[in-house]
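Protein chains in written order, with the working numbering: chain A, 8 to 550; chain B, 10 to 344; chain C, 12 to 353.
Please note that the accuracy of each hint is not assured.
Stated by the list, open to error - Which chain A residues face chain C? A few, computed with CB under 10 Å, are given here: (1) 174; (2) 454; (3) 457; (4) 458; (5) 468; (6) 473.
Unchecked claim - Far from chain A by the CB rule (all over 12 Å, computed), these chain B residues: (7) 61; (8) 69; (9) 111; (10) 121; (11) 141; (12) 215; (13) 238; (14) 281; (15) 293; (16) 303; (17) 314; (18) 324.
No lab work stands behind these hints, which were simulated from the structure alone. None of the values given here were measured: they were computed from a predicted structure. Ideal placement from N, C-alpha and C gives every residue a C-beta, glycine not left out.
Take a look at the letters that make up each chain.
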Amino acid sequence: MILGLAKRWSVASYTLALLIVMPLVALILQSFLPDEAVFGHLMATVLPTYISNTLLLIFWVVIGALIFAIPAAWLVAKCRFPGRNIFQWALLLPLAMPAYVVAYVYTDLFDYAGPVQRTLRSLFSWQTPHDYYFPQVRSLGGAAIMLALVLFPYIYLLARTAFMEQSTSLGHAARVMGCSPWKSFWRLSLPMARPALAVGATLVAMETAADFATVSYFAVPTLTTAVYDTWFEYGSLTAAAKLSTIMLFVVFAMVGFERFARRKQQLFQKQSAPGELDYFCLNGAKAFAATGYCFILLALAFMLPFAILLQYAWGYFAESWNAKFFEYSFNSLWISLVVSLVCVCIGIVLMFVRRVSPHKADMLPSRLASTGYALPGTVLAIGILVPFTQLDFAINDLAYYFGLQEPGLILTGSSFILICAFCIRFAAIAIGSIENSYKRISPSLDMASVTLGLTPKSLLARVHIPLLRKGIFAGLLLVFIECMKELPAALLLRPIGFENLATYVFQFVSDEQLEHGALAAIVIVLVGLVPLIYLNHSLEQEK
Amino acid sequence: MRVITSLMMVGLLCSASVVSAAERLTVYSYRQAFLIDPILADFTKQTGIDVDVVFSKKGIAERMMREGRLSKADIVLTSDFYRLMELAEKDLVIPAKSDVLKQNIPQKYRSPDDMWYALTMRVRNVYSSKERLGKLDINYEDLADPKFAGKICTRSGKHPYNVSLVASMIAHHGEAEAKTWLEGLKSNLARKPQGNDRAQVKAVSEGLCDIAIGNSYYLGKMLQDPKQKPWADAVEINFPNQDNRGSHINVSGMALAKHTKNAEAAIQLMEFLSSDAAQQTYADVNMEYPVKADVKPSKLVASWGKFKADDLPIYKLAQYHGAAIKLLDEVKFDL
Amino acid sequence: MATLQVSNVHSSYQKHVVLKGLDLTVEKGEIVALLGPSGCGKTTLLRAIAGLQSISAGEIKINGKAVVSDNEFVASEKRGIGMIFQDYALFPHLTVAENVLFGVKLADKASKAARLENMLALVKLDGLGERYPHELSGGQQQRVSIARALAYEPEVLLLDEPFSNIDAKVRREMMLEIRNILKSHNISAVFVTHSKDEAFVFADKLALFNQGQIVQCGDAERLYLRPEDKYVADFLGASNYLEATVIADKRVSTLIGDIESDQQLKATVGSEVELLLRPQQLQIARSESGVGEVIERRFLGSVCQYLVSIGSKTLDIHSEYLDIKIGEKVAITTTLHGLVLL
């Protein structure tokens, strides 16, 4: 805490936070406008289905992700079995897979025309789809499984850490009192990991609510696709804004739940100091089962889809390896780079002010700025377009007034709006990462620096930033992957004619010919892999 | 503060491409750029006017509305009649006065007030399985017949092509009857509406359904693709309602953007698109039916035979567009 | 002129009052310990002096210049304060040398190097300048932090529980060593601790805190032998209280008999008071007719601790006689000293 911190720090952090919250405010204002009964019509017809689809999807994805993640996390954290050291990081890889790519690959495999059903048909000499039952891939259930497959690593990562941090002496105490490993999992490990699981589940739920591509490909209408359709089919921005507000309601309810869970988590963590680790060494059938479980999960969520992508890319390499591919890759890369740098700067400023400011009110900006992540891409797009368009016109009017040449749509007509939207959406990730890093810097370092004559600015530059290096880098990488993958905001906000890898791949997915976009999809995955491996590595080192 | 300023700077640098050359047109297109690139290249060669095509599947009207007077669009190309109407309805286009256009494009395929012009026609065909149904003499109305229960495949009802078909049903039968029909059709579906028209033909070839609803040119394009040819070979193309009003026609078209800063060059391009050469390219490359009477469809398309087209002027369909969308929601066609 | 002068300082934190009107003076070269249980406000005062914590009223002067008062606030970085922390607060990304020179604003390299060498020699860490803090032991880290603070040439040095993380075996030695350094440089220091033993060893003067107030301030002996209230008496050592009646100006009567004082008593003859007796001020001897009975015995090394009951009263007595057994009757006497009546 620095008493007498110059006002401009607070002003800067409030300005940043308000810029980030602006779309949310714009959206809510927009949703109060009259909308020519479009919303009423939706409510009377399809809206209940949209809402129930959204909730059901979230529910099933969370259940699925928990079922995938918890055993894997527990096995990796508490047991030793062949391949454990590889699975430990490899199980994070599915995060790099865009869900719609996985969805496409599995549809190709399991659809009526896919190799699986074809083989079944030829085996049992069935002729038509009416001769046998096979679950529909393109269904709510299918979408839930696809999303759970790529999102479970969020829970896996948090649960793994939670399991690892559980003090061994607690486990010993339980066992001395006659708890079998199995029982101690149910009575001890799982309840203690509950807050971490809740946080992970919320992340998964938010990602699910924000998903556009998978549900759109599977023709499972949810609120996200409804926002998109209402905007474009009915041409009613206001009705879309109203839908978005409903969506926000759902999302904020989840965030509230998460905060609640985190509050408890602190209590839990205080009690359990990490002790010396000890493991269950598995062998024989148990080891086989553990390895098998992790392997199958990894194969389904990553190896198989990735192999199929490689095969597509190999077959269509000549068509895909062209100038457009490079242009779009370049677009993705530079936008992601700019956004991650900006997000990290935002994170540093907000967290710095939060840390050193003596005013309680300065806690708020970083919290406000984190709400951006709760806005699904489609919702955010609507929220940001409204004020930016007005700003654009204001700029042009001003230019006109001064007799200058009108600059045109410099904000909404360029990548600027895309960059802003990404920053708003992902600033929270950078903030979180830096916040975590800050927690490890003893407050006495600040006091020591200040008493040794450092100004706030040099405190930041000479002490905090060097010490936050890891957190900053991690935030940079995380934001980078998210930008590479983010689809709906890019789809809605890109300057007309602009493509990046995500929109390019999605276009092929929706045209049912991912083969042509496989190379681009591989780039997205590979670029995402590097940060994941690095992050896991640095997490390991902290242990 | 410095962060905010640098954020702004980055943004402005990114958007530094706002400089515009003197003779340059911007086309907002609902059609994929590669379909029209060759034609535009010819245009540039002839006139020296550069053309930028920006493609978007959805939301061009919405975007133009938002961009208002600052829009860079000179011409809009659409793949569907309603998108044309919508542009006019929302006051985003202005009449393109040109005798050449009037001469090239039959009256039925342009708006009475020169707001838009059609370029090509596409028929909403009914494909049937060669193996299981053979060639059919079918009406759209028959698609609701219980005998086809579980046998029909189609893409999302909300897709413009299907909305347009539903609108034509409302135009001919009234809303109540159209709703009954739509419900019948929905109950006949082999699977939930999904994929594009191509995917429906594929589904027929795989035996998932016997009937697919799809536009004419998809078949042409599939026959040209080695991987997709077997799918196309498995179906017969049928022109519905030949004994009565004729098959439902949709059009792709063009319109002059309201805030064009170069109307003259834009009209020049529009005229070029309606010329014999351009129309022929449309026909040959994209397998569509040219609107210009004396341009012949491609050989392949011609081999499907002549057909009777629904006489309903396309701008009349526009009146029922909203009703069609609402109807689709009411019967929960896609759900 | 006093190096540090704290007058009537009030402070509140999140609506509860932490400091309630404190006065404290630190003379040049003096080491003052702020002593008290945790949560009594001593760290708050330290931070207020450093400018890391705001105060709601009062004034703090360093070398006669107000650094905080009703209408004055000098930022921490301009107060010339050296501070030593419980966790040493060494910058983990900097070497020992960089840490030591962190606050040094000398322009030329040579004098910087000289200062560094001086400081490292002072804290006996010569040659370790290129190491990183994590490569040093706890004691060495603490020395670095002292070198760092002294290199900055502070007006006053603040130490916040600096020895609590140091291994008990070397703590005393370390304290004496640092005390010597401070003394040899004539540095004024304020030292926060909750341990009376540390305060006794390290400080010249003790300020004993209780709930945001300094209850007594003075040298250690005075506080121990002549506490002003029971709180001070209890905080600094074990104590027995006996009801007593003053029967003369140097004599009281208690249930172990009359006791003589070698100084004038503060209470008037005839008044009822409580007499403070430290365990070592009482003596026992085996005696069949003694008034007390030993009910507990604990061997402490050089002395033995006995709990002796006299009627309903139990006294804590340290005695050099090690062989008295539980259940034996004893006579109780006191050593001659200035009696403390509370």
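Determine which of the earlier numbered hints do not hold for this structure and return their numbers in increasing order. As far as the earlier hints go, 1, 5, 7, 8, 11, 12 are violated by this structure, in ascending order.
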